Amino acid sequence: MPRHETSFQPVDEGPAPTRPPCRTPARARRRAFTLLELTVSLAIMAAGLLAVQSLMVRQSKQVGRLERWCQPPPTYYVVSQSDEWMRALGAPASLETQAGQTAWTTPVEPPFDYDVTLDSIARSDDGQQVSAQVSLQLKE
Amino acid sequence: MRRNPGQRPAGFTLLELLVVSILLVGLTTMTAQLWQHFSAQAADIAGRAVAAQELKLALESLSDDLGSVVWATPTATNGLQICRKVPGGQSNVIVEYSLSSQRLIRKDLSVGVGVPVADNVSGFVASDVTSSVLRVVVSVTAKDLTREATLFWSRT
Numbered sequence: 006m007p008r009h010e011t012s013f014q015p016v017d018e019g020p021a022p023t024r025p026p027c028r029t030p031a032r033a034r035r036r037a038f039t040l041l042e043l044t045v046s047l048a049i050m051a052a053g054l055l056a057v058q059s060l061m062v063r064q065s066k067q068v069g070r071l072e073r074w075c076q077p078p079p080t081y082y083v084v085s086q087s088d089e090w091m092r093a094l095g096a097p098a099s100l101e102t103q104a105g106q107t108a109w110t111t112p113v114e115p116p117f118d119y120d121v122t123l124d125s126i127a128r129s130d131d132g133q134q135v136s137a138q139v140s141l142q143l144k145e
Numbered sequence: 002m003r004r005n006p007g008q009r010p011a012g013f014t015l016l017e018l019l020v021v022s023i024l025l026v027g028l029t030t031m032t033a034q035l036w037q038h039f040s041a042q043a044a045d046i047a048g049r050a051v052a053a054q055e056l057k058l059a060l061e062s063l064s065d066d067l068g069s070v071v072w073a074t075p076t077a078t079n080g081l082q083i084c085r086k087v088p089g090g091q092s093n094v095i096v097e098y099s100l101s102s103q104r105l106i107r108k109d110l111s112v113g114v115g116v117p118v119a120d121n122v123s124g125f126v127a128s129d130v131t132s133s134v135l136r137v138v139v140s141v142t143a144k145d146l147t148r149e150a151t152l153f154w155s156r157t
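Read top to bottom, the protein sequences are chains A and B.
For the first sequence, this note's numbering assigns the number 145 to the last residue and increments by one with no breaks.
For the second sequence, this note's numbering assigns the number 157 to the last residue and increments by one with no breaks.
Rather than coming from a laboratory, the hints here were simulated on the basis of the structure.
What you are looking at is a predicted structure, and each value in this text was computed from that prediction instead of being measured.
Among the hints, erroneous ones may be present.
Stretch-level coverage of chain A by chain B, calculated; a stretch enters the list once three of its residues show a Cβ under 8 Å from a Cβ in chain B [to be verified]:
#1 68 to 79
#2 90 to 102
Partner residues aside, some chain A positions facing chain B, computed with beta carbon under 8 Å [stated by the list, open to error]:
#3 V62
#4 Q64
#5 Y82
#6 V83
#7 Q86
#8 I126
#9 G132
#10 Q134
C-beta: ideal position from N, C-alpha, C; glycine also.
All chains should be built: construct the whole structure from the sequences, respecting the hints.
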């Protein structure tokens, strides 16, 4: 079989040709994060940190408020109602944290003198409010 | 799936995975500690709130009866008897406060019915300080936390 030298293409086994320093777009993109990616991730982290910080600040304030509410004064001075109106209405005694305070005032000033008739009385469930209907007759 | 000879294999390197794992472990530890701290604080606050609420209930009931008091005196069992006016009525009624099974019981002696006014009450002691001053000490214990309040009432 005749050999056709011209048609034989030998494999080049010499040193591999140096790769051109071309950076294909796909390979260049995988090298590192872009500035945009870093900025986005930092913004998300900052938002998360801010949210956590605001939550902690709010929680600390609420804890402080609750702790103040949960520490009632250790000593109370009970002042019973001295006014007959208040006693007839069943008003609770005032709890004072210091002796000598005045928590209740009479609803009618002293210069007037009335005959008082209690028509009806109603108290709220928590005992904080008392409503009553009274009839006043100015004394002659 | 073929790969170009010069192409870097897709995926994370061991170093990247290690760094990410360490960061995740650190974040998880920090979050767990924060959660533990807040949980302990919340449990402590819950105990304090229960104690304060029960104490407030006891004080409000006492102040309600002492508002229109006629007379009040301690009993032999550290309880308290209060004679008070009935709202809107002319008659008086005697109520007795006593401690029973960690409950402060308010008993209306005229009808013989006792109603618990506060739970978790660990102590209720009424005593005469002087002939004119009465002292009532109420202690409430909730979740290993004790709150105590002292009431002074003058007969004059």
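Right, here's what the structure says about each hint:
1. 68 to 79: Coverage by chain B holds for the stretch 68 to 79 of chain A (9 residues, Cβ < 8 Å).
2. 90 to 102: That given contact holds, which follows from 10 residues of the stretch 90 to 102 of chain A lying within Cβ reach (below 8 Å) of chain B.
3. V62: violated, 13 Å
4. Q64: Since the shortest Cβ distance to chain B is 7 Å, the answer is holds.
5. Y82: With a closest approach of 5 Å, the A/Y82 hint holds.
6. V83: This hint holds: A/V83 lies near chain B, its Cβ roughly 4 Å from the closest one there, short of 8 Å.
7. Q86: Holds, because the Cβ-Cβ distance from A/Q86 to chain B comes to roughly 5 Å (cut-off 8 Å).
8. I126: The hint holds - A/I126 has a Cβ within 8 Å of chain B, the shortest such distance being about 5 Å.
9. G132: holds, 6 Å
10. Q134: violated, 13 Å
In this structure, the hints that do not hold are numbers 3 and 10, in rising order.
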